[in-house]
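Peer 1: Sequence:
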Amino acid sequence: MQEQVGGGGGDPLAGAGRGSDSTPGQLRAEAQSRAHALDALADAVAETHRRVAACRDDPSWSGRAHDAFVRALDDLAGRVALAGTLLHDAQRTAGSAPGCSGAHA
Numbered sequence: 001m002q003e004q005v006g007g008g009g010g011d012p013l014a015g016a017g018r019g020s021d022s023t024p025g026q027l028r029a030e031a032q033s034r035a036h037a038l039d040a041l042a043d044a045v046a047e048t049h050r051r052v053a054a055c056r057d058d059p060s061w062s063g064r065a066h067d068a069f070v071r072a073l074d075d076l077a078g079r080v081a082l083a084g085t086l087l088h089d090a091q092r093t094a095g096s097a098p099g100c101s102g103a104h105a
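Going by the UniProt record's numbering, the sequence shown opens with residue 1, and the numbers climb by one from there.
No wet-lab data here; the hints were simulated from the structure.
Glycine residues also receive a C-beta, built at the ideal position from the N, C-alpha and C atoms.
Treat the hints with care, since some could be wrong.
To be verified - Beta-carbon label-pair distances, calculated as ranges:
no.	residue 1	residue 2	range
1	Ala53	Thr23	43 to 49 Å
2	Ser22	Trp61	46 to 52 Å
3	Ala77	Ala29	24 to 30 Å
4	His36	Ala72	20 to 26 Å
5	Asp89	Asp43	18 to 24 Å
6	Arg51	Asp21	43 to 49 Å
7	Arg51	Ala81	15 to 21 Å
8	Gly63	Ala37	29 to 35 Å
Can you make the complete structure from the sequences, with help from the hints?
Peer 2: Below, the structure is given as structure tokens:
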């Protein structure tokens, strides 16, 4: 499920820093901000996973619901890690088109 925020495709920063007047430094700062946000999200997902794992045998959780939630967390963790890797790789890509976060000044 992807939330649509202001028509930005679920991206709260959609359009930020992408104007024709954006400098490479602004684009780099945006990419670093996104990388930091992805790191924070990955940490939060991992902490939630640890806390949920401790509740596996709690009678208030059904085993199937717990397992489904853990699978969803694992999927989210994988997607966050992939997004972080792709963002990191994009920052290092030589020969990127001008105005892209991977472009080098």
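Peer 1: Now look at each hint and say whether the structure bears it out.
Peer 2: Now for the hints, and whether the structure bears them out:
no. : hint                      : verdict
1   : Ala53 / Thr23: 43 to 49 Å : holds, 45 Å
2   : Ser22 / Trp61: 46 to 52 Å : holds, 47 Å
3   : Ala77 / Ala29: 24 to 30 Å : holds, 26 Å
4   : His36 / Ala72: 20 to 26 Å : holds, 24 Å
5   : Asp89 / Asp43: 18 to 24 Å : holds, 21 Å
6   : Arg51 / Asp21: 43 to 49 Å : holds, 45 Å
7   : Arg51 / Ala81: 15 to 21 Å : holds, 19 Å
8   : Gly63 / Ala37: 29 to 35 Å : holds, 33 Å
Checked against the numbered hints listed earlier, the structure breaks none of them; every hint is satisfied.
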